[in-house]
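> So you can see what is in the structure, the chains are spelled out below.
2 protein chains.
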Amino acid sequence: MNQLTIEPLTAESFAPYGNVIETLGAHHYPINQGYAERFHDLARVDCLSYGGEVVVSLFRGQPRPLPIAIQLMERHPLGSQAFYPLQNRDWLVVVTDNVRDTGGFRAFRASGKQGVNYHRNIWHHPLLVLDANAEFLIIDRKGPGLNLEEVELAEPLFLDP
Amino acid sequence: MNQLTIEPLTAESFAPYGNVIETLGAHHYPINQGYAERFHDLARVDCLSYGGEVVVSLFRGQPRPLPIAIQLMERHPLGSQAFYPLQNRDWLVVVTDNVRDTGGFRAFRASGKQGVNYHRNIWHHPLLVLDANAEFLIIDRKGPGLNLEEVELAEPLFLDP
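Chains as they are written, first to last, in my numbering: chain R, 1 to 161; chain H, 1 to 161.
Derived by calculation from the structure, the hints in this document are not laboratory data. Please read these numbers as outputs of a predicted model, since none were measured by experiment. Idealized CB from N, CA, C, for every residue including glycine. One thing to keep in mind: the hints can contain errors.
Claimed, not checked - Stretch by stretch, here's where chain R covers chain H in the computed footprint (C-beta under 8 Å, at least three residues):
| hint | stretch |
| --- | --- |
| 1 | 22-31 |
| 2 | 39-47 |
| 3 | 151-157 |
Said to hold, decoys possible - Here are the simulated lysine-lysine pairs, DSSO-like style, with alpha carbons at most 27 Å apart:
| hint | chain 1 | residue 1 | chain 2 | residue 2 |
| --- | --- | --- | --- | --- |
| 4 | R | Lys-113 | H | Lys-142 |
| 5 | H | Lys-113 | R | Lys-113 |
| 6 | R | Lys-142 | H | Lys-113 |
| 7 | R | Lys-142 | H | Lys-142 |
With the rest of the complex left out, here is chain R (with noise of 0.2 Å):
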């Protein structure tokens, strides 16, 4: 069985991939006549291309099985796509150059503090929670041509968190 080793989660080592959206290492500043902290700027929004606009969802997602099989992995051509989780909870990515050499895969466990924005075009597995009702705020695309392409593996990977 091919497992996955889990990496903490941390702004360099997922540079090849995306931002990890954290207070930790930002730029920030007062605002609000001292009321608040602005800690700014922190994810590379890339949406516009071939007529595309900046879209906020939520999503709602659901664990899986244990050990979790890594078999279908997806990318978004024409967009990124940042996620932050809305509750105080570790949950899990899969990003990867080459999707075709599973050599390469790198899992990470992310903290209920830090979101990450996909670049546009890397592949990543869809959305891995641990608890259930588990939601996320979401900043992708919408607009016309084709943004998801899916890779099925043709041996999983596992991941045991």
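Once you've looked at the hints, dock chain H against the given chain R.
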């Protein structure tokens, strides 16, 4: 002392000012092989005029002394601004069509499962939270041009949540 009545936040009551970002009443459909439900396209993101870009930020807000004095209102003439709470706790929203007539000001109590997206140019009070270190995800505009107008009220209004 001029006290503002606090209404519950609903999509209908808030429609003149912007969108309520919530699953209630939203168009939704299953995705991810049935492991997630997508509540789709909940806010009109309007940040691109005059060379603007959409940015994702985090705000960490602090509560103000009670009763809350509403003294300074602001609007963003070049872009919409969305707020979504990252803890399941109520927060407050104050808006108006006409910042010169305090009789038309409206206050709403949002739940911890309700975000709002202020439409471009809508007068609103800066973030009002009821708990220390209350975090929000923000979707607003970055770019050239002056995107902030502020008006100080001659006489404050008060909110007693």
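> Each of the hints needs a verdict: does it hold here or not?
Each hint tested on the structure:
1. 22-31: n = 4 at 8 Å, threshold three: holds.
2. 39-47: holds (count 7)
3. 151-157: Coverage by chain R is violated here, the residue count being 0 at a Cβ distance below 8 Å.
4. Lys-113(R) x Lys-142(H): Holds. Lys-113(R) to Lys-142(H) sits at ~23 Å (cutoff 27 Å).
5. Lys-113(H) x Lys-113(R): Distance ~17 Å between Lys-113(H) and Lys-113(R) Cα, so the pair holds.
6. Lys-142(R) x Lys-113(H): Since the Cα atoms of Lys-142(R) and Lys-113(H) sit roughly 23 Å apart, the hinted pair holds (cutoff 27 Å).
7. Lys-142(R) x Lys-142(H): holds, 20 Å
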